[in-house]
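Let's have the full structure, built from the sequences with the hints guiding it.
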Amino acid sequence: MRTLKNLWFFFLFGLNRFYFVPPGDGGDGGDGGDGGDGNSPSTPDGYVPKADFDSKVNELTGKLNEYESRSAYIGPDGSLKPGWTKGLLGEEFAEHPFGQKFTSIPAMVKSHINLESLLGKNAFVKPDEHSTSEQIQHFNSMMGIPNDPNEYSYQKPEALPEGVQFDDDRLNAFKSFAKEIGLSNKQFQQIVDKDLELRGGDVASMTDSMAQHQAEEKARALDRIGEKGLLNAKRVAEYLSQKISTEDNPIDLTASHLLDHADTLIALNEISKLFKESELPRLDEDYDAKTVEEELWKIRNDANYDKHKRYLAGDEKIVAEVDRLTRLKNKHSKGQ
1 MRTLKNLWFF
11 FLFGLNRFYF
21 VPPGDGGDGG
31 DGGDGGDGNS
41 PSTPDGYVPK
51 ADFDSKVNEL
61 TGKLNEYESR
71 SAYIGPDGSL
81 KPGWTKGLLG
91 EEFAEHPFGQ
101 KFTSIPAMVK
111 SHINLESLLG
121 KNAFVKPDEH
131 STSEQIQHFN
141 SMMGIPNDPN
151 EYSYQKPEAL
161 PEGVQFDDDR
171 LNAFKSFAKE
181 IGLSNKQFQQ
191 IVDKDLELRG
201 GDVASMTDSM
211 AQHQAEEKAR
221 ALDRIGEKGL
231 LNAKRVAEYL
241 SQKISTEDNP
251 IDLTASHLLD
261 HADTLIALNE
271 ISKLFKESEL
281 PRLDEDYDAK
291 TVEEELWKIR
301 NDANYDKHKR
311 YLAGDEKIVA
321 EVDRLTRLKN
331 KHSKGQ
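Taking this note's numbering, I'd label the letters of the sequence shown as residues 1 to 336.
Just so you know, these hints were derived from the structure itself, not from any lab.
In this text the structure is predicted, and so the values were computed from the model without any measurement.
In this text, a Cβ means the ideal position worked out from N, Cα and C, and glycines have one as well.
Don't take each hint at face value.
[What the hints assert, rightly or not] In the DMTMM-like style, the derived pairs of lysine to aspartate or glutamate whose C-alpha atoms are separated by at most 25 Å in a straight line are:
no., residue 1, residue 2
1, K228, D286
2, K331, D252
3, K329, D288
4, K86, E59
5, K331, E295
6, K228, E321
7, K228, E295
8, K329, E285
9, K317, E247
10, K309, D323
11, K156, D167
12, K276, E238
13, K218, E270
14, K186, E197
15, K186, E158
16, K309, E277
17, K298, D284
18, K290, E277
19, K317, D248
20, K228, E279
21, K329, E238
22, K309, E294
23, K317, E238
24, K243, E285
25, K331, E316
26, K273, E227
27, K309, E295
28, K228, E217
29, K126, E158
30, K334, D286
[As the list claims (entries may be wrong)] Label pairs and their calculated CB-CB ranges:
no., residue 1, residue 2, range
31, D315, F177, 56 to 64 Å
32, L198, E247, 42 to 50 Å
33, H261, Q190, 36 to 44 Å
34, I105, R170, 53 to 61 Å
35, Q137, F177, 18 to 26 Å
36, L171, G90, 47 to 55 Å
37, K156, L88, 35 to 43 Å
38, K290, E270, 27 to 35 Å
39, F275, I251, 15 to 23 Å
40, F275, I191, 51 to 59 Å
See the structure below:
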């Protein structure tokens, strides 16, 4: 490098002598000519004003010094010497780990070539309406996006938030939405998890509020219809249960949440007024110990009692009623 610099200054010295003639020496005029006046130099072809020439020399000399400074970090074999990131790239990259990863220019170039080969040209350009199916599938594969909504998978949590039921139709809707906006399977799982979390919070809040409101409404309804009205509402609920139940699917509306709603209580009480009292089934609350004894005796022994005849004929409903009355009798006898 020092030899190159010496040659550079020798070159500049030569140019200086070639292009410039010291002022005050006009030289002779040649044969038949007049000498100069001793004040103006002759002007050879290619003459450059000295001020411009000096400026250009300073510029080129600066670049040579810069090159010499930078080349100090590069060995003859292309190796990169310690501190090369600062020396070649500037202070901003002085501590960058890139400097420790690469110790030679060939290694850096190979790494770049391998990276381009791995990613491929335009590997992460989002497909548009002009993209082929192969380009779309390649992009989806690179980004982890399923090619079909049904390819999204979700691992259900072991326990769902209280009050939240897992909805397969809702999950399928999320699959279609995830495919539409180009989510990866991991992102899809995250939005479903978040949905369950938010629904759990909403249900908890709504449940508390609704339970309080429902209890207040029921209390007002009971004040309106009284204990007798509540009993009539239960009788109608039992009547409906008997009508809609089947042997394979018994239904007990009196044990459901039907009677927890104020409007339903009022409606069932009103319906009870359309029946004669004897037409509605009797409930456990209708039977005290004495009534249970009397009813059992009549069913089993009173030949003029319609239920006695049906009992003897093996009517399943009457047999079931006898079983229920027998349990009530035992319950009363134990003082329960």
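How the hints compare with the structure:
Between K228 and D286, the direct Cα distance comes to roughly 11 Å. Compliance with the 25 Å bound is thereby established for this hinted pair. For the suggested pair K331 and D252, the alpha carbons sit about 21 Å apart, so the restraint of at most 25 Å is met. Among the hinted pairs, K329 with D288 is consistent with the structure: their alpha-carbon atoms are about 9 Å apart, no more than 25 Å. For the hint linking K86 to E59, the alpha-carbon distance of about 23 Å falls within 25 Å, and the restraint holds.
Between the alpha carbons of K331 and E295 the distance comes to roughly 15 Å, so the proposed pair stays at or under 25 Å and holds. As the CA atoms of K228 and E321 are separated by approximately 22 Å, the hinted pair is consistent with the 25 Å bound. Between K228 and E295 the alpha-carbon distance is near 21 Å, which keeps this suggested pair within the 25 Å criterion. A distance of roughly 13 Å separates the Cα atoms of K329 and E285; the hinted pair therefore holds under the 25 Å criterion.
In summary, the hint linking K317 to E247 is supported, as the alpha carbons are separated by about 12 Å, within the 25 Å threshold. Our distance criterion of 25 Å between C-alpha atoms is met by K309 and D323, whose separation comes to about 16 Å. Between K156 and D167, the direct Cα distance comes to roughly 11 Å. Compliance with the 25 Å bound is thereby established for this hinted pair. For the given pair, K276 sits about 15 Å from E238 by alpha-carbon distance, which is consistent with the 25 Å threshold.
At roughly 16 Å between alpha-carbon atoms, K218 and E270 fall within 25 Å of each other, so this suggested pair holds. Only pairs whose Cα atoms come within 25 Å are accepted, and K186 paired with E197 is accepted, the gap being roughly 17 Å. Between K186 and E158, the direct Cα distance comes to roughly 18 Å. Compliance with the 25 Å bound is thereby established for this hinted pair. For a cut-off of 25 Å, the pair hint linking K309 to E277 stands: about 21 Å separates their Cα positions.
For the proposed pair K298 and D284, the alpha carbon gap of about 17 Å is at most 25 Å, so the pair holds. Distance check on the hinted pair: K290 and E277 sit about 19 Å apart at the alpha-carbon level, within 25 Å; holds. For the hint pairing K317 with D248, the CA-to-CA distance comes to about 15 Å; that is within 25 Å, so the pair holds. Among the hinted pairs, K228 with E279 is consistent with the structure: their alpha-carbon atoms are about 16 Å apart, no more than 25 Å.
Restraint check for K329 and E238: satisfied, since their Cα atoms lie roughly 20 Å apart, inside the 25 Å limit. Proposed proximity of K309 and E294 is supported: the alpha carbons are some 16 Å apart, at most 25 Å. Restraint check: the Cα-Cα separation between K317 and E238 comes to about 13 Å, which is no more than 25 Å; the hinted pair holds. For the given pair, K243 sits about 21 Å from E285 by alpha-carbon distance, which is consistent with the 25 Å threshold.
Between K331 and E316 the CA atoms are separated by roughly 23 Å; this keeps the pair inside 25 Å, and the hint holds. Distance restraint check for K273 and E227: the Cα-Cα separation of roughly 15 Å lies within the 25 Å cut-off, and the hinted pair is therefore satisfied. Of the pairs offered as hints, the one joining K309 and E295 holds, with about 14 Å between alpha carbons and a cut-off of 25 Å not exceeded. At roughly 18 Å between alpha-carbon atoms, K228 and E217 fall within 25 Å of each other, so this suggested pair holds.
The hinted pair formed by K126 and E158 fails the criterion: a straight-line CA distance of about 37 Å is larger than 25 Å. At roughly 18 Å between alpha-carbon atoms, K334 and D286 fall within 25 Å of each other, so this suggested pair holds. The beta-carbon spacing between D315 and F177, approximately 58 Å, falls within the hinted interval of 56 to 64 Å. Between L198 and E247 the C-beta distance comes to about 43 Å, which sits within the given range of 42 to 50 Å.
For H261 paired with Q190, a C-beta distance near 39 Å keeps the hint of 36 to 44 Å intact. At about 57 Å, the CB distance of I105 to R170 agrees with the hint of 53 to 61 Å. Distance hint check: the CB atoms of Q137 and F177 are about 21 Å apart, consistent with the given range 18 to 26 Å. The hinted range of 47 to 55 Å is satisfied by L171 and G90, whose Cβ atoms lie roughly 53 Å apart.
Between K156 and L88 the beta carbons are some 55 Å apart, a value that contradicts the proposed interval 35 to 43 Å. Between K290 and E270 the Cβ separation comes to about 31 Å, which falls inside the hinted range of 27 to 35 Å. Taken as a hint, the range 15 to 23 Å holds for the pair F275 and I251, whose Cβ atoms sit roughly 20 Å apart. Between F275 and I191 the Cβ separation comes to about 54 Å, which falls inside the hinted range of 51 to 59 Å.
Taken one by one, the earlier hints fail for this structure at numbers 29, 37, listed in ascending order.
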